[in-house]
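Going line by line, the protein sequences match chains A and B.
First residue of the first sequence? That's 1 in the UniProt record's numbering, and the numbers climb one at a time after it.
First residue of the second sequence? That's 1 in the UniProt record's numbering, and the numbers climb one at a time after it.
Any given hint could turn out to be false.
It does not matter which identical chain is used: a pair holds within one copy or between any two.
Said to hold, decoys possible - DSS-like mimics (lysine-lysine), calculated; alpha carbons at most 27 angstroms apart, straight line:
id	residue 1	residue 2
1	78	130
2	152	78
3	176	78
4	176	4
5	92	4
6	92	126
7	92	130
Calculated directly from the structure, the hints in this document are not laboratory data.
Being a predicted model, the structure only gives us computed values, none of them experimental.
There are 2 protein chains.
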Amino acid sequence: MNEKINIMVGGPEALIPYDQVADHRSETWLGVDLGATRLLEHGIVPEYAAGDFDSSTPEQLARVKAAVPKVDIYPPEKDYTDTQIGILLAMKYYQPASITIWGTTGGRLDQLLANLYTPLMEPYRKYLAKIHLVDRQNTVDFYEPGSYEIYKVPEMPYLAFVNLTPVTGLTLPDEKYNLDHFDSSLPISWSSNEFVGTINHFSFDTGIVAVIQSRDVHSQGSFKGVK
Amino acid sequence: MNEKINIMVGGPEALIPYDQVADHRSETWLGVDLGATRLLEHGIVPEYAAGDFDSSTPEQLARVKAAVPKVDIYPPEKDYTDTQIGILLAMKYYQPASITIWGTTGGRLDQLLANLYTPLMEPYRKYLAKIHLVDRQNTVDFYEPGSYEIYKVPEMPYLAFVNLTPVTGLTLPDEKYNLDHFDSSLPISWSSNEFVGTINHFSFDTGIVAVIQSRDVHSQGSFKGVK
Chain A
1 MNEKINIMVG GPEALIPYDQ VADHRSETWL GVDLGATRLL EHGIVPEYAA GDFDSSTPEQ
61 LARVKAAVPK VDIYPPEKDY TDTQIGILLA MKYYQPASIT IWGTTGGRLD QLLANLYTPL
121 MEPYRKYLAK IHLVDRQNTV DFYEPGSYEI YKVPEMPYLA FVNLTPVTGL TLPDEKYNLD
181 HFDSSLPISW SSNEFVGTIN HFSFDTGIVA VIQSRDVHSQ GSFKGVK
Chain B
1 MNEKINIMVG GPEALIPYDQ VADHRSETWL GVDLGATRLL EHGIVPEYAA GDFDSSTPEQ
61 LARVKAAVPK VDIYPPEKDY TDTQIGILLA MKYYQPASIT IWGTTGGRLD QLLANLYTPL
121 MEPYRKYLAK IHLVDRQNTV DFYEPGSYEI YKVPEMPYLA FVNLTPVTGL TLPDEKYNLD
181 HFDSSLPISW SSNEFVGTIN HFSFDTGIVA VIQSRDVHSQ GSFKGVK
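Can you make the complete structure from the sequences, with help from the hints?
Encoded structure:
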């Protein structure tokens with residue numbers, strides 16, 4: 001199987017684009033802790049629910065147990081974040097073509113950064129290129145060194161390249177703002193760039209780069225086209 | 001002079017802890033773009049306002065010009081983020097003992113990361129240890145290699161150490177969860193740690209570490225004690 005896996009975790013609810021979630025309804029869903037409850041509330045029954053459920057009320061947990069086919073309860077003070085539990089579930093039970101994670105942004109910065117850095121770590125690293133983070137204002141994709149074609153997400157006017165680690169050779173040849181073989185030992189967020197057309201390219205030689213497409217909150221319309 | 005400088009920028013308004021802002025009212029304030037308008041709306045007249053003001057209406061800009069002693073208007077598509085403009089103002093006109101930046105978190109991840117990484121870059125780097133980011137849920141301090149005493153911010157139950165760059169020797173000797181000379185070539189957010197008591201210690205040999213104190217949104221009470 002090459003399934004499209006979606007993971008709902010328990011980040012700030014206001015940041016979750018439920019219109020987009022609905023578009024992915026027919027794919028496979030996993031719910032972590034409060035994320036499982038949120039899926040049920042939106043008419044999606046996840047195949048698995050997992051977590052320590054310390055963010056869920058006893059009533060919410062009971063509802064999850066009654067509705068979800070498989071529920072794994074972890075001890076509290078576990079060694080994994082909710083996002084990591086979700087990815088571990090996806091790795092264990094599926095051969096995912098993509099892992100899209102919803103509800104993983106906003107709120108506590110330490111948690112947001114832990115989620116952003118998780119795809120770089122073992123054992124998640126082998127899925128790095130398949131992991132996508134989505135919220136109402138942002139989509140995040142992760143890249144190992146190489147040359148890539150990237151596609152504009154409709155409704156997202158801004159494009160950013162973030163070297164999460166030291167990088168060498170970062171080249172942006174055909175975006176609004178270009179770079180030519182840029183090396184940096186420090187992390188940098190090259191923010192507020194833009195697509196020229198709907199397909200652009202970039203490449204780099206070493207390190208890990210996140211590509212973020214984003215919009216301001218006052219942008220109009222629902223956004224479509226998250227892969 | 002060794003002034004305490006506060007910079008208000010134009011990030012998501014819901015994340016700005018105005019009760020805390022009020023406690024810093026007697027210190028020096030700078031407003032960038034919409035941040036200047038926000039300060040005026042909360043009864044604080046900044047010493048300087050700056051920016052391209054593309055996030056402000058003509059009426060807001062006119063009000064800023066009428067009320068603020070010094071206003072620097074930058075061209076749009078400038079080379080600086082709003083946070084960087086604020087720090088440049090602080091560096092140019094003051095010898096700051098501390099630079100506390102408000103309104104710099106949330107919303108677009110590319111902007112949040114650009115703000116988080118700015119203190120690591122030249123020419124801001126020399127102020128790295130003096131820069132503090134504050135929002136309703138988080139305080140962020142930045143550290144060069146060394147040994148440090150850290151102080152608990154009341155109302156913030158969570159403590160995190162984030163190696164924003166490769167680090168060596170990260171040691172957490174007396175927190176709830178400890179580390180002993182941990183080396184990592186990848187960025188890691190060691191999230192959800194906690195103070196034991198109100199003073200703890202940490203040290204590291206190379207790299208840059210951010211210390212984040214945070215709380216969940218459902219935590220009770222206003223939070224006090226931001227330095």
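Against the structure, the hints:
no. : hint     : verdict
1   : 78 x 130 : within (25 angstroms within a copy, 35 angstroms between copies)
2   : 152 x 78 : between (38 angstroms within a copy, 24 angstroms between copies)
3   : 176 x 78 : between (44 angstroms within a copy, 14 angstroms between copies)
4   : 176 x 4  : neither (32 angstroms within a copy, 38 angstroms between copies)
5   : 92 x 4   : within (14 angstroms within a copy, 52 angstroms between copies)
6   : 92 x 126 : within (13 angstroms within a copy, 47 angstroms between copies)
7   : 92 x 130 : within (15 angstroms within a copy, 45 angstroms between copies)
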